[in-house]
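Asks: In case you want the letters, here they are:
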Amino acid sequence: MALKEKKQKKILIVEDELPIAQTLQLKLTNQGFNTLHAQDGNEALSFIEKHDIDLVLLDIIMPNKDGFEVLQCMKKDVPVCILTNLCQEEDSNRCKSLGAQKYFIKSETPLSDIAEYIHELLR
Amino acid sequence: MRMSSSSTSIQPLFTLKKIPSLSDVFFVFALVLIVLSPVVLMGLYFGTAASIGFQFTLFLYIIIVCVTILAASGIARIFLFAYAYRQRERIFLESIGDGVCGIDVHGNVILWNTAAEIISGYTKKDTLHASLAGIFSLPRAKGKTANRQFSDYVLALSHNTSLPTTATLKTKDGRTIPLGATSAPVSDRHGIIRGAIIVFRDTTKEQQINRAKDELVSLVSHQLRTPLTNMNWRLEMLLDEEAGKLTDEQKKYLAEIERGTDRMTDLVNLFLNVSRVHLGTLAITLSPCDIHALLASVWQDYALRSSQKKLILKKKYDTMVKQFICDQRVFRVILDNIISNATEYTPPKGTITIQTKKERDRIVISVADTGIGIPKKDQSKIFTKLFRAENVRESHPNGNGLGLYLVKSLVDESGGTLWFTSEEGQGTTFFISYPHTGMQKKSGTRTLTQLTPSHS
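The listed protein sequences derive, respectively, from chains A and B.
Residue 32 in this note's numbering sits at position 32 of the first sequence; the count goes up by one each step and never skips.
Residue 17 in this note's numbering sits at position 17 of the second sequence; the count goes up by one each step and never skips.
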């Protein structure tokens with residue numbers, strides 16, 4: 001039952017690096033979430049428009065529109081968790097001021113921490 | 001060469017060196033003759049010659065003229081010789097490919113060669129007898145208030161030396177170019193210093209190459225991070241048995257792979273950090289922090305390792321030291337490396353003593369271990385990039401020789417001092433000292449990447 005409830009939660013993974021996106025998708029599917037994958041900022045924005053998304057995992061450095069622009073252009077109020085390799089304090093501050101909930105640095109964060117955080121947030 | 005007309009007698013930089021030869025002797029003889037001949041002749045004429053009725057004849061006149069001509073040409077040759085000799089030295093100096101600049105004891109320029117003109121844009125006319133201070137500059141030394149003028153600095157050294165790589169030259173058209181320069185004192189025959197000679201070259205190209213190298217390291221490290229992250233994540237999932245149950249044997253294999261990827265991650269982060277310091281992009285942003293809490297948190301990362309080795313931790317904290325204004329990431333990386341080394345290089349059941357102390361206007365943090373120590377002959381090189389002491393190369397082949405180099409660069413960059421005392425086989429104590437007012441702020445575009453604890 002609990003698993004079925006979680007199935008309803010839809011997570012959009014915005015990531016241009018395919019292997020990373022696949023790993024995230026696999027992990028989150030294993031955890032019982034429904035995932036979508038967008039390769040760049042533009043695709044991400046159209047997915048956010050079309051689908052009923054519960055959480056966006058957003059990379060920053062991407063082709064077309066980067067993570068900052070996605071944050072600026074988003075019209076819906078969907079929680080956003082940044083998942084990036086940029087480790088500058090100002091980047092993290094900028095994301096937070098643009099409305100991001102959380103800022104993870106990919107190479108410094110175990111996958112389980114990310115999954116745990118998502119569980120907390122979407123409970 | 002003209003000399004400045006001050007009370008101190010300044011000797012010319014080059015004096016005519018006589019090479020004694022047969023022609024020299026002849027010229028001197030000729031000189032004596034030309035001075036003495038009229039006197040002798042007069043004496044002959046008025047004295048002896050007149051009394052015996054000797055006439056001042058045409059023949060005598062011709063002899064006098066001949067001697068005079070000979071003597072005159074001799075003198076001319078001496079001057080020509082001297083001129084050619086000086087010319088030769090001048091040409092050699094002029095032809096040196098590096099900038100050559102001579103200064104007197106007051107720091108005024110007395111020599112400026114062609115290469116110096118080309119590098120700086122200043123001609124001899126511009127520079128001769130002008131003060132050097134406006135042309136060369138030494139940037140403010142870190143942590144020191146007095147900005148020594150270039151010429152004072154050069155003269156004060158009074159021994160052959162390479163000038164700091166931070167020395168720059170201001171060209172006539174207003175550009176500031178980096179310099180590689182050496183300075184040597186010029187002393188007279190009594191050993192009194194009369195000035196200095198500076199040989200310099202434009203190192204813009206070298207610095208560009210260095211920069212390109214650092215940028216490459218930075219780029220490669222960045223590129224390596226994504227696949228490494230993916231490897232780490234997949235491994236984590238495998239070890240969490242998300243892809244099916246594992247046998248103990250398989251877990252062992254995977255744990256070994258994980259150690260490898262962790263080490264690679266550490267190295268990549270270390271390279272990134274070093275390149276940030278080199279490229280000058282590292283920012284040092286200040287905020288108050290509790291030193292003792294930070295030390296506790298760093299130690300926490302090594303608690304497991306040290307309890308496995310049964311290490312004893314002694315804390316000698318000075319309650320006067322508490323709040324410290326610093327960049328916490330930078331400070332953490334510094335303490336992390338020092339404490340990591342202490343736990344790594346101390347044999348089981350050893351003691352690590354962490355001490356904080358307020359000494360007048362400075363804060364000193366020391367980490368002492370009872371480890372293998374640093375051999376005497378390696379001590380001077382311990383902060384050199386990629387250097388590893390002989391005794392750890394065998395016992396700990398996995399080190400990379402970048403940790404202490406990074407620590408030293410970071411401490412220097414943030415206005416602190418780092419030193420150590422060590423006795424091989426007895427232990428090592430590292431000291432980190434900062435003004436009690438805190439670290440020195442620095443603007444930049446990058447911060448440090450934290451290392452994953454417990455490895456390396």
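Simulated from the structure, these hints should not be mistaken for laboratory data.
Even glycine gets a Cβ: it sits at the ideal position worked out from N, Cα and C.
Be careful, since some hints might not be right.
Restraint ranges, calculated between C-beta atoms of paired labels, are given here [unchecked claim]:
1) LEU304/B <-> ASP113/A: 14 to 20 angstroms
2) ASN398/B <-> ASP52/A: 48 to 54 angstroms
3) ASP113/A <-> ASN210/B: 36 to 42 angstroms
According to the in silico footprint, chain A covers these stretches of chain B (three or more CB under 8 angstroms from chain A) [stated by the list, open to error]:
4) 153-160
5) 216-229
6) 233-244
Asks: Now tell me, hint by hint, if it's right for this structure.
Replies: For each hint, the structure was consulted:
1. LEU304/B <-> ASP113/A: 14 to 20 angstroms: holds (19 angstroms)
2. ASN398/B <-> ASP52/A: 48 to 54 angstroms: About 50 angstroms separates the Cβ atoms of ASN398/B and ASP52/A, which means 48 to 54 angstroms holds.
3. ASP113/A <-> ASN210/B: 36 to 42 angstroms: The hinted range 36 to 42 angstroms holds for ASP113/A and ASN210/B, with Cβ atoms some 38 angstroms apart.
4. 153-160: As far as the region 153-160 of chain B goes, the hint is violated, because 0 residues have Cβ atoms under 8 angstroms from chain A.
5. 216-229: It holds, with 6 qualifying residues against the three required.
6. 233-244: holds (count 6)
Hint compliance for this structure: hint 4 alone is broken.
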